[in-house]
Structure formats: structure tokens, C-alpha cells
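Peer 1: Sequence:
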Amino acid sequence: MTAEAGEALAHSFRRVGVIAKAASEEALRTAAELEEWLARRGLEVRLEEARLRNITEAAPPFLSGEDVDLVVVLGGDGTLLSVARALPRPVPILGVNMGTLGFLTEINRAELYPGLVRVLAGQFALEERSLLHAELHRDGGKPQTYRVLNDAVIAKTALARIIELTLAVDGNLVGQFRADGLIISTPTGSTAYNLSAGGPILFPQLPVAVITPICAHTLSLRPLVVPDTSRVEVTLRTEREEVYLTLDGQEGTELAHLDRVVIRRGDAPVHLVKVAGRTFYDSLRGKLRWGG
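Its first residue numbered -5, the sequence shown is counted upward by one per residue in the working numbering.
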């Protein structure tokens, strides 16, 4: 997005949604301060319900389906993930890190107000991040659907034995294998569970997905990068074991024998506000402590 486009978009900002991590007292306090700061600048503010439960004034609530022009998320990557999945349309999201690592959040608490001044002046960029659309098919019924920004994980529980999965891409059989599980990740999620499982780090705007086995029972099974236009299908072949499908580490359901998980690229991206001037490589160097 060009500087001119950013300035034009900033002029259209009228209503701002503010979402704070409910378990963080600092985030909740910051949300109240931010509401006053935005209101003094003539902006209409919608506070997320968790924040409203902790204050006495009657402020209008933020609803995920509401028509807001900008969303400010006060928390960590987990809070931003939940917001990104819930928004019904692409809305600029500014993530403010109130936690620890924070790969997705753009700025920290000390940078909040200088960063917002730049955003409201149009001095920002929008970075598109692709979502995955996941479907769970079982017993011939209507599939359960999910939106995923980081990853979809099929994995056994701690007490379950190794499981058997069949993997197909675009209708082509890739293999049938035994493992602790499988991760299907977006480039955004490549620095999450995928990285811990030995998968590659992907540049966030690459039009791909990565399929990473978890502790596979064959040494030749390695992470596989496929176009994000692919239809990835995983079938559980194991009976009588506890296996779960987990989305972004935050929601999911138990799987049964012959359940199929089908994953493809989502229809709409997530728009993250970039204002700090840090590149993806700066984040890798700083957050993974690569030195320099």
C-alpha cells in the first residue's frame, strides 16, 4: 500500500474497536486510557466486552461483526489470533504487544501513542496475511468449518499411542504414515508450532502453506511446502485413540476414526498495520536472538 493510499484510508477512520487481553490488568487499564485518547481526537470508540466488565462507565461494546474502520489489539499474539479469526471482513489491525515474544504484534506498550499518531496521519502500511479455511468432515454430515491464521494441528494426546494418517494434496496421495501428528501452517504460523517441530521459517507474504510432521516414525518424512491454492486432505486411520484437531492453539475438537480434515486458502486475508519500520528480518534477529 502506498503512502498516499495510507493517508486516504486514515482519513476514513471514524470508528475504532479496542480489544484488550482479559487476563491482563495492564491491557485493561491501557484500553481505558486509549478510549479517552481516541475520543479526544473525535473518534468513536468501541470497547471489547471483557474491558467493559472492568469499568463503570457505560461505553458502547465492540462486536466482531460491527462495522469498524480500525481495530487496536492490546495483548499478545494469542489475542491477535482470536481477533483475526473473528472479524467478518478485512479490517486494519494494529497489534500492541503486552506479552512476551510477539511475532504478530507490531509495537510495544511504550510505542502505542506515537504509533497511533502515525496511523491516524496515514503514515503506515498494510501487510496482508493469508488465512486458511479448515473443514472437518465426518459421517457424511455437514462439515464443521474454521478460520486459521497460524496453523491447523492434528495430534494425539499425551497418553495416546502413535497415530496413523493419510495425506493427500489436490487429490494426489502423498503418503500414509505414523507420527505424533501433523501441522498445516500458513507462512504467518511458520514461526509458531511449525518452527518447534523442525519446519522452515517462511516469509509472511509467500503464497504457500507448509505441512510438517510431528515426530514421524520414519526419518524420510520431512516438511513439505505446497502452493496455498492446494487442497490438503488428512484422514485419521487410527481407531480408539485420543486425537484432536486444534486451530491456532485456541479452538478445536476431538477426531474419530476416518474423520477427514480438508484445508485450503481462505477467501479473505488479514490486514496488519505496519508502522514501526521493523522488517520481518529485524523481528527474526531480535526475537530469535540471532545476534547482530
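Read the hints as simulated data drawn from the structure, not as lab findings. Just so you know, not all the hints are guaranteed correct.
Stated by the list, open to error - Each pair of labels, with its calculated beta carbon distance range: (1) D261 <-> P217: 20 to 28 angstroms; (2) T160 <-> E27: 49 to 57 angstroms; (3) R23 <-> P217: 28 to 36 angstroms; (4) E129 <-> G36: 39 to 47 angstroms; (5) D164 <-> E27: 47 to 55 angstroms; (6) E27 <-> G134: 32 to 40 angstroms; (7) R8 <-> I156: 51 to 59 angstroms; (8) G285 <-> A115: 30 to 38 angstroms; (9) L167 <-> R279: 36 to 44 angstroms; (10) A115 <-> L153: 51 to 59 angstroms; (11) G116 <-> V220: 14 to 22 angstroms; (12) R23 <-> D261: 21 to 29 angstroms; (13) L37 <-> Q170: 36 to 44 angstroms.
Unchecked claim - The calculated DSBU-like cross-link candidates involving lysine-lysine, where the alpha carbons are at most 35 angstroms apart (straight line), are: (14) K136 <-> K150; (15) K136 <-> K281; (16) K268 <-> K281.
Cβ coordinates follow ideal geometry from the N, Cα and C atoms, glycine included.
Peer 1: Can you give the numbers of the hints that this structure goes against, from lowest to highest?
Peer 2: The structure conflicts with hints 3, 6, 11, 12, 13, 15, although it agrees with all the remaining ones.
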